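Asker: Chain residues, written in single-letter form:
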Amino acid sequence: MNPILEIKNLKTRFYTQDGVVKAVNDVSYTMSSGEILGVVGESGCGKSVHALSMMQLIPDPPGKITNGEIWFDGRDLLTLNEDQMQKVRGRDIAMIFQDPMTSLNPVFTVGFQIVEALLLHNDMTKEEAKERASDLLNLVGIPGAKQRLNDYPHQFSGGMRQRAMIAMGLSCEPRLLIADEPTTALDVTIQAQIIDLVKKLQDELGMAIMWITHDLGVVAELAHTINVMYAGSIIETGKIRNIYKQTRHPYTIGLLGSLPRLDDSPGTELVSIPGLPPDLVALPEGCPFAARCGYRIDQCLTEKPPLVEIDGENHSVACWRWEEIAGMGTK
Amino acid sequence: MAKINPEEITVTDFAVREHRSLWGDAWRRLISSNTARLGMFIVVLFVSSSTLSHYFWKYEPKKDLDYSLKLKAPNLIITEEIPSTHLFGTDKLGRDIFRRVVHGGWNSLRVGIVAVSISLFFGGAVGLMSGFYETVTMTMVERLILFGTTGFLLGFLSAWIANQYFQLVLYTGLGLAAGYYQDLFKGKFLRMVTFSILGAFFSAVPGLFISPTVALICGLWGLFTGVLLSRPLDGKFFSNVMMRLMDIVLSFPGYLLAIAIVAFLGPGLGKGMIAIGVVGIPVYARLTRSVVLAIIHKEYILAAQSVGESHGRIIFRHVTPNILSPIIVQTTMGLASAILSAAALGFLGLGAIPPEPEWGAMLGESYRYLTSGAWWAVLFPGLAIMLSVLGFNLLGDGLRDALDPKLRT
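Chain order of the listed sequences is S and L.
Just so you know, we're using my numbering here: the first sequence kicks off at 153 and counts up by one.
Just so you know, we're using my numbering here: the second sequence kicks off at 102 and counts up by one.
Watch out, some of these pointers could steer you wrong.
Below, computed lysine to aspartate or glutamate pairings styled on EDC-like, alpha-carbon distance capped at 20 Å [what the hints assert, rightly or not]: (1) Lys-287/L with Glu-221/S; (2) Lys-399/L with Glu-333/S; (3) Lys-337/L with Asp-212/S; (4) Lys-399/L with Asp-212/S; (5) Lys-399/L with Asp-251/S; (6) Lys-216/S with Asp-335/L; (7) Lys-216/S with Asp-284/L; (8) Lys-287/L with Asp-212/S; (9) Lys-337/L with Glu-234/S.
For the record, the hints were derived by calculation from the structure and aren't laboratory data.
Model, not experiment: these values are computed from the prediction.
Assemble the whole structure, with the sequences as input and the hints as a guide.
Answerer: Structure representation (structure tokens):
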């Protein structure tokens, strides 16, 4: 598969009153077309910020992309100016946001907003756009799509709003869809429906999807590849089976260990990773995870481990002791 | 029972609610409140009476004079002594107060409406733009406008000193160049040097034709302008400059500034409108900017950006409708205070020029006769001011409740 997106050494900083927040630190990876990439990590690890950096939608000031290249479709997005970016957004890369309650404009009907997105990048009349909008709502499984176009967002439920957002995102058939925690605000049944929907749409339309979440359960069902992020860096990346079966980074091990399991006996306490993620203003010199890591050695505190590939299958880990951890076997 | 043909309707027809618009909803809520209805009644009464009287009940204030009817109390019955009815009595020149109050409404309300329009237009534009561009990257055209206007405005000083208004073109050109060649020597000291020398050159050389001193001053100003323009000015800069300007205006007491502006422009109704309007600009600018800032990080704005909508479209389609309700409320309340300000200026003799009827001016002409028992000459214009202000305030209150999206069901 040919790469659709290649990020090299992306760095994003926020210049705040408390100091420079190093939100994204040297993130590099590639995505193939038609791939579903899961980006996981806890709150504030730079998942969303790196996606917003790709769209160049970081609030500036205080934010700034200080370094890096984002190659998409033979162009480095970071060299494009605002006018050119407006043509990329929506048409080539679309984005779905976390909170379906606020991502639709409350003063316009849902139909108006989808039609608007359609008219922006496509050469069609208003009637055609309306027709297409109701097709899209049908596609994402909203019953009575035609009448529903005239509804305001507050007349939709959370799941329906998220579906409408997905319809908006799909409206111009982007080659890359960035979904920023689209199911976090929804309950589990709706979540499952949305995941099925995305899977189905990906089969039909074949675009690449970047699925940002903190829920390892969701990506396990959906993604082909996973990037695990911690404190603004990718610390482990690989095919989904490698990440789940041959986990090498202590943080990923901790994350997987903290998931509740169906075969746990009732009353078992959930395992959690001790401590808190480091302050992004004052990142430690060595491995950012060292302070919370049970496998810590002296080297971890002084040198930051590079992301190295450990097998022929693009499974890479940023840990000094991955070989020993592999020897121990995951619990 | 009507027969239902199953082929004609889809199942979902039952489930879908009737289409209700935002404004329709707000209107329904507005008229369901008693106080808002009262406010609306007063406002409609005043606006229609003054408009209708202006067009259909001719009144020539310059010819209205009858000393034989001087300071007569309100009467309804025609007598030998008073051959006409005077519902509100007459004033010191024997003029019918009812007529003057009704006609005065035309002037007072007009001042209020025009003044508020001035404040709303300029304040709203400044607030919208400074709020929006505070964190949004500008496109090339927007940057050119910002740099061009900055150059143009700064050029005024130099052009004025040298009395050479073609310098404005040079300054604007320098600004446009600095905006267009954003990446020329980016981040280097050389950039500042280049533009400051260019600026100094552009203003000093034409200045030399006047005198060396002028050339020196203009050159220094050009140098400063060049230094400023060499920096990467952005929306934050615009916002900061605008808000500090608004702070300056706001730091003067409102009436004092209005009086100062009228003193500068000269008395008259039109001048009064401008004065009250200018004083009101910061209120709207700050309000608009604050509500824009409050919604600019909402995800629907981010979503609009992420489908690739242009900035103008986002500002007018997505930002403006969402900030409209506080601004409508402020405008209605602002009308009340503008009417009050107009009356105050009129009272001081700085608004309408006598004998033009205006509520404030009528109070100012008649309050001296209170001691001689002529209460009607003061009471009725005063009541008119009070009622119109009350009406607009009640309407504003009602609108605030009606437009609150949290109450939408």
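Asker: Confirm or reject each hint.
Answerer: So, going through the hints one by one against the coordinates:
1. Lys-287/L with Glu-221/S: Satisfied, since the Cα-Cα distance of roughly 19 Å is no more than 20 Å.
2. Lys-399/L with Glu-333/S: holds (16 Å)
3. Lys-337/L with Asp-212/S: Holds, at roughly 9 Å.
4. Lys-399/L with Asp-212/S: Holds: Lys-399/L and Asp-212/S sit about 16 Å apart, inside 20 Å.
5. Lys-399/L with Asp-251/S: holds (10 Å)
6. Lys-216/S with Asp-335/L: holds (14 Å)
7. Lys-216/S with Asp-284/L: Holds, at about 17 Å.
8. Lys-287/L with Asp-212/S: holds (18 Å)
9. Lys-337/L with Glu-234/S: holds (16 Å)
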